[in-house]
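Visitor: Sequence:
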Amino acid sequence: METLEHELRSHPFVGDLEPAYLTLLAGCAANVEFPAGRFLFREGAHASRCFLIREGKVKLEVATLGRGPIIIETLGAGEVTGFSWLLEPHMYQFDGRAIEPVRAVALDGDGLRARCEQDPRLGFELMRRFARLATERLQATRLRLLDVYGTPHALRY
3 METLEHELRS HPFVGDLEPA YLTLLAGCAA NVEFPAGRFL FREGAHASRC
53 FLIREGKVKL EVATLGRGPI IIETLGAGEV TGFSWLLEPH MYQFDGRAIE
103 PVRAVALDGD GLRARCEQDP RLGFELMRRF ARLATERLQA TRLRLLDVYG
153 TPHALRY
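For the sequence shown, our numbering gives the first residue as 3, with consecutive numbering after it.
Check the hints yourself; a few may be wrong.
[Unchecked claim] As a list, the in silico EDC-like pairs of lysine to aspartate or glutamate whose alpha-carbon atoms are at most 16 Å apart:
1) LYS59 to GLU102
2) LYS59 to ASP112
3) LYS59 to GLU20
4) LYS61 to ASP97
5) LYS59 to GLU75
6) LYS61 to GLU75
[Said to hold, decoys possible] Cβ-Cβ distance ranges computed for the label pairs, FRET-style:
7) THR25 to VAL64: 34 to 40 Å
8) PHE126 to ILE73: 20 to 26 Å
9) ILE72 to GLU138: 17 to 23 Å
10) HIS92 to PRO122: 25 to 31 Å
11) PHE41 to SER12: 36 to 42 Å
12) PRO21 to GLY70: 27 to 33 Å
13) LEU145 to PHE41: 34 to 40 Å
Simulated from the structure, these hints should not be mistaken for lab results.
Keep in mind the model is a prediction, meaning the values are calculated, not measured.
Beta carbons: idealized from backbone N, C-alpha and C, even for Gly.
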């Protein structure tokens, strides 16, 4: 049976953290599983956990009136979702739903924030990683919007 530290070490998002930080993360981590169709989190709910996906796929979606959910992004093994725990108001911004069985490591957001406050180096390192991830997701969304709506007239040469 693999330990949580081993699972964290093998995840691309946190695997290269210092061993002492992996031990700290393991202290606020748990293995979780979600069957296909189950929500990992819901938009507007308190962001209590983030998920390091080990297996399966999760779709991030936004509920709309009359059109049903719109898929924002699909995430798979090696990716992270649910990082709204990091910044106030600590509310999930999307729904996260398993589209196939998901195995993940869930990190307790409240416990993680407390550890970051106690150790500013850890806090900075995690903030740097999550900021990079947020930037990548914004860029991907921008490209999808350009694909959906076409190149704006002002950008055509």
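Visitor: Could you run down the list of hints and mark each one as holding or not?
Guide: Here is what the structure says about each hint:
1. Distance restraint check for LYS59 and GLU102: the Cα-Cα separation of roughly 6 Å lies within the 16 Å cut-off, and the hinted pair is therefore satisfied.
2. Restraint check: the Cα-Cα separation between LYS59 and ASP112 comes to about 25 Å, which exceeds 16 Å; the hinted pair is violated.
3. A C-alpha spacing of about 28 Å is found between LYS59 and GLU20, which places the hinted pair above 16 Å, so the restraint is violated.
4. For a cut-off of 16 Å, the pair hint linking LYS61 to ASP97 stands: about 8 Å separates their Cα positions.
5. A hinted pair counts as satisfied when its Cα atoms are at most 16 Å apart, and LYS59 with GLU75 qualifies at roughly 10 Å.
6. With a C-alpha separation of about 6 Å, the suggested pairing of LYS61 with GLU75 holds against the 16 Å cut-off.
7. Remark: the range hint 34 to 40 Å for THR25 to VAL64 is upheld by a beta-carbon distance near 37 Å.
8. The given range of 20 to 26 Å is broken by PHE126 and ILE73, whose C-beta atoms sit roughly 33 Å from each other.
9. For ILE72 and GLU138, the Cβ-Cβ distance of about 20 Å falls inside the hinted range of 17 to 23 Å, so the restraint holds.
10. Roughly 19 Å separates the CB atoms of HIS92 and PRO122, a value that falls outside the hinted 25 to 31 Å.
11. Evaluation of the 36 to 42 Å hint for PHE41 and SER12 yields a failure: the beta carbon distance comes to about 26 Å.
12. With their beta carbons about 45 Å apart, PRO21 and GLY70 fall outside the hinted range of 27 to 33 Å.
13. Between LEU145 and PHE41 the Cβ separation comes to about 27 Å, which falls outside the hinted range of 34 to 40 Å.
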